[in-house]
Amino acid sequence: MATPPDFVAGQVLTAAQMNKAGMWLITTQTVGTAVTSVTVPNVFSADYENYLIRYTGGTTSASGATLALTLGATATGYYYAINGLTFAGVAATGAAANTTAWVFGKTATAGMCAQAFITKPFAADETGLMGQYVLQTTTGEGLATYGYLNNTTSYTAFTITTSPTTLTGGTIEVYGMRD
Amino acid sequence: MATELIQVGDVERPATPAEQAQIDAIMAPFNNPAPSDK
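Listed in order, the protein sequences are those of chains A and B.
Position in the first sequence counted from 1, then plus 16, gives you the working numbering.
Position in the second sequence counted from 1, then plus 1371, gives you the working numbering.
Please keep in mind that the hints were generated in silico from the structure rather than gathered at the bench.
Using N, Cα and C, we set each Cβ at its ideal position, and we do this for glycine too.
It is possible that some hints are incorrect.
Here are some chain B residues pointing at chain A (derived, C-beta under 8 angstroms) [what the hints assert, rightly or not]: (1) Leu1376; (2) Gly1380; (3) Glu1383; (4) Thr1387; (5) Ile1394; (6) Phe1401.
Label-pair restraints from in silico Cβ distances [what the hints assert, rightly or not]: (7) A:Thr168 to B:Ala1392: 19 to 27 angstroms; (8) B:Thr1374 to A:Thr92: 49 to 57 angstroms; (9) B:Leu1376 to A:Ala89: 32 to 40 angstroms; (10) B:Thr1387 to A:Gly105: 40 to 48 angstroms.
Build out the structure end to end from the sequences listed, making use of the hints.
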C-alpha cells in the first residue's frame, strides 16, 4: 500500500491498516458571530480516552482576554499552571487552584491559535489538560497550560468562554486519539 | 452585566439567566486582571 495518508483512489485497506489511524476527527464546529461562549456537544464518549481540541482562526472584539475552557456544566475544581514568554523574553505566567475554569489561551484579533489535549473526560476519573497557545503578533507570546479537573464526573461536552469580549468565526476541531 | 450571546452546537441565542450567571461566575476570576495577563 501507499504510505499513509497518501492513499490511492479506490484503495482497499485492511482493519489492521485502518486501526493505525491515530487520530480521528470527531467534529468541526464553526464559531458564530459575536458570541461569548461556544459549547461543543456530544464529542466525548467511550470511543476514546484522550482528545485534542483545536481553536484556530476567527477574530475577537479585543485581544488579550482569557479563553476559558470548561467541561459540561462544572464551574469548580479546575487547577492549572501556566508558563510562557513574550517574544521579547518577558515571563508570562499564571496559576489557580480549585477555580471556575481552565485558562485555555487568549483572544486575538489576528485569529486564535490554541489547542488542548484532554485526558479522560468521559471516563469516571480526573480529567487532565495540556494546552498551548500562541498570540500571533510581533508583540505576542506563547504559553503552555497544565492542569486537571478534580472530580470523577463523566463529560460529553465542553465550552469555550470569553466575556465580555466576544468571538466571531474560526473553527473548533475535536479529535479522538486512538488508545 | 448585559445578557450575552451564546452558541450551543450550531445554534446561537441569548443566554438564559442561569447560563448568564454561570458565564459571569466562570469569567470573574479572570477579569481585571486575568491571571495570565502579566
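Here is what the structure says about each hint:
Hint status for Leu1376 (chain B): holds, given a least beta-carbon distance of 5 angstroms to chain A, under 8 angstroms. Satisfaction of the interface hint for Gly1380 (chain B) is found here, the shortest Cβ-Cβ separation to chain A being roughly 5 angstroms, below the 8 angstroms cut-off. The interface hint given for Glu1383 (chain B) holds, since its Cβ lies 4 angstroms from the closest Cβ of chain A, which is under the 8 angstroms cut-off. A hinted interface residue such as Thr1387 (chain B) counts as satisfied when its beta carbon comes closer than 8 angstroms to some beta carbon of chain A; here the least separation is about 12 angstroms, so the hint is violated.
The closest approach between the C-beta of Ile1394 (chain B) and any C-beta of chain A is roughly 5 angstroms, which is under the 8 angstroms cut-off, so the hint is satisfied. Hint on Phe1401 (chain B) holds. Least Cβ distance to chain A is approximately 4 angstroms, under the 8 angstroms limit. Distance hint check: the CB atoms of Thr168 (chain A) and Ala1392 (chain B) are about 25 angstroms apart, consistent with the given range 19 to 27 angstroms. Thr1374 (chain B) and Thr92 (chain A) have their C-beta atoms about 23 angstroms apart, which leaves the hinted 49 to 57 angstroms range violated.
A hinted range of 32 to 40 angstroms for the beta carbons of Leu1376 (chain B) and Ala89 (chain A) is inconsistent with their spacing of about 19 angstroms. At about 45 angstroms, the CB distance of Thr1387 (chain B) to Gly105 (chain A) agrees with the hint of 40 to 48 angstroms.
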